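Asks: Going line by line, the protein sequences match chains A and B.
Just so you know, we're using the working numbering here: the first sequence kicks off at 1 and counts up by one.
Just so you know, we're using the working numbering here: the second sequence kicks off at 1 and counts up by one.
Treat the hints as calculated values from the structure; they're not laboratory data.
It should be emphasised that the depicted structure is a prediction, and the values quoted were computed from it without experimental measurement.
There could be a bad hint or two in this list.
Below, in silico cross-link-like pairs of lysine-lysine (PhoX-like), each with a Cα-Cα straight-line distance of 20 Å or less [unchecked claim]:
1) A:LYS105 to B:LYS204
2) B:LYS110 to A:LYS118
3) A:LYS6 to A:LYS124
4) A:LYS47 to A:LYS71
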Amino acid sequence: MTGRIKILVVDDELIVRESLIGWLRKSGYEVAGAEGGRQALSILAEKDYDLVFLDFKMPEMSGIEVLEQIKANYPQTMVVLITAYGSIQTAVEAMKLGAHDYLMKPFEPEDLVLLVEKLLNQKKILDENLLLREQVQTKIRCEDLIGASKCMHQLFGLIEEVARAESPILIRGETGTGKELVAKAIHSRSQRCYGPFIPINCGAFTETLLEGELFGHETGAFTGAVRAKKGRLEMAHEGTLFLDEIGEIPLKMQVDLLRVLEQRTLHRIGGNQEIPVDFRLICATHRDLLREIERGNFRQDFYYRLNVIEIEVPPLRERDEDVPVLAQHFAERFRRETNKPILGIQQPALDLLSSYDWPGNVRELENAIERAVVLAKGRYLTRDDFAFLFKATPAQGIPQSLKENEKQHIDRILKHCKGNITKAANVLEISRITLHSKIKKYGLQPSMK
Amino acid sequence: MSKKTREDTGQQPPSPGSDPSPAGRDAAASPPGLPRPLDDSKVTDERPPRSIFHLGLIEMGRIGEFAVRVVAAHVQTLIGIPVDILDPVEIPEEAFQHHRQQYDAGLVIKHLNERVNLPQSRILGIVAADLCSPILTYVYGEAEIGGKVAVVSTHRLSQNEDGSPTARERYYERLAKVALHEVAHTFSLYHCDDPQCLMHFSPKVVHLDHITLAFCDRCEFMIRENVLQLYRRPPVH
């Protein structure tokens, strides 16, 4: 429940509606009224309400029908059914369908005040629960940020140090090194840990979508904007905003973001209202932003605004002593998730994993362990369970000659083309005669399947 | 409707000790800290009449003069607006709800708004009858937020929760609290979370007895600001 508490009164009797609205307004709530079910549902579609007072008997749609719609589409909204024709049966029916309480018109003043207080307290607790659940999940995910290497110990120390500050942070590192985990760890150790952690991958949206996602929009701002929507910047109020792949943000939006960072206010798309925002900014990128500035793809002023503190997350190949620790950690996690009786990873398998380059970093290791756990036959993960790492990319295994490489490549293309020489020659961009001579030279058997 | 002040009616000020309320003071005097309302003798065509800055207090049914003066004195002191005690009127019969045997407070307000043409910027009706609203089984009072008219009922204030009669002092105190609460609503004050504040919602007399006869600091500030607004921008009639 953020800001003023919003209550909707749905009753076809004008005098009752106005009377209840008047009383609720005197208590400082933001109140709207609807004369029927359809109007109520269209009001709810535009704005979130904390509490709805819903008349049981209405001409076009009954209170029960409206209640079902509200519970299906707005489960966080609390509903109180009101009626002048009450009975125990209707009360029981309403409560079964998810109404939070039931009042008979006219109400005792004390009943009304106690009910509103009780429901709004419940709503507050529910909202707090949701927030805590999200925070717990954030903390659990932070467990994945583990490592025994010297560089990781330095990173942990740096996280503790910078978490207390409010300055913007730029996290640099290759794809899959765990930049978001570092951002979450900083958030969970900061003074804003009770606020939200709002991540967004800037590289995953087109320019128009990204703008809407970041700044939100008002109803009717563009075709399809049937309902006002908060942007990520607004959602991160009093918390931390994590902009992943910041190097992908278009230049125009860099200016818009810079303005928000300077003025600490924003306007939703299609809105005139200035909305104050207070968040800590953490950005991440795998790009060399200084080079991007030279190329004209990134604004220098924006870069200096973001890069007050820089954190470098090392790639996994530079901390191969962490591979066994991470591998055991992931194996344990996936054993729990899949409920498979895996007791651990054999030492030769760990040695094999440590010798691998991990171009996809920790994310690749995580995926490899998940695959191995899911397909494992024994109680321990063995070298054989990780053979796929080397089979999929033979060039990364034992070094081999150009001749051997050519032989394997032609063989793979022939198999792909099911032995069709013309097709294979086209793919390889050589003549059919040349392909025949190479098949003969390497002793290959074109498969006809 | 004529304005009935103590001087107009030839009443003598009560002797010390016989009148515990501060209503003995000139009911139209300007409260301390506020601009003095315009003197009628200096009124020009451009200036609004003095009564436009006042609250008109109307007895509707038999309330008793002392109760009316208690309310006038408290409104003048705590709200900071001069009070004119007006001639009594009957409670409108169209507000009577036969099926509930009560008067609809909203309809009484509507009557005072539409039928009774008064120059005062605020009107407070005090009724002896039991009041209700379409959604509440009873109300001690009712007012429009930021509106002109408020109404209070004495009906339920003279008894305790257990049905025993209330001491007169307690009754007057309750009446003053309800009147101040409702008049403050006309100055755009909402219900207050402070359980001691006059603007805290009191569904029962036991709650009324629990709150103090004072506004909390925040409501006090709001009421002063909004009363000052009245002098800065007088209502147009």
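Asks: Evaluate each hint against the coordinates.
Replies: Each hint, compared with the structure:
1. For the hint linking A:LYS105 to B:LYS204, the alpha-carbon distance of about 18 Å falls within 20 Å, and the restraint holds.
2. As the CA atoms of B:LYS110 and A:LYS118 are separated by approximately 33 Å, the hinted pair breaks the 20 Å bound.
3. For the proposed pair A:LYS6 and A:LYS124, the alpha carbon gap of about 13 Å is at most 20 Å, so the pair holds.
4. Distance hint between A:LYS47 and A:LYS71 is fulfilled; the C-alpha atoms sit about 15 Å from each other, no more than 20 Å.
When held up to the earlier numbered hints, the structure conflicts with hint 2 and nothing else.
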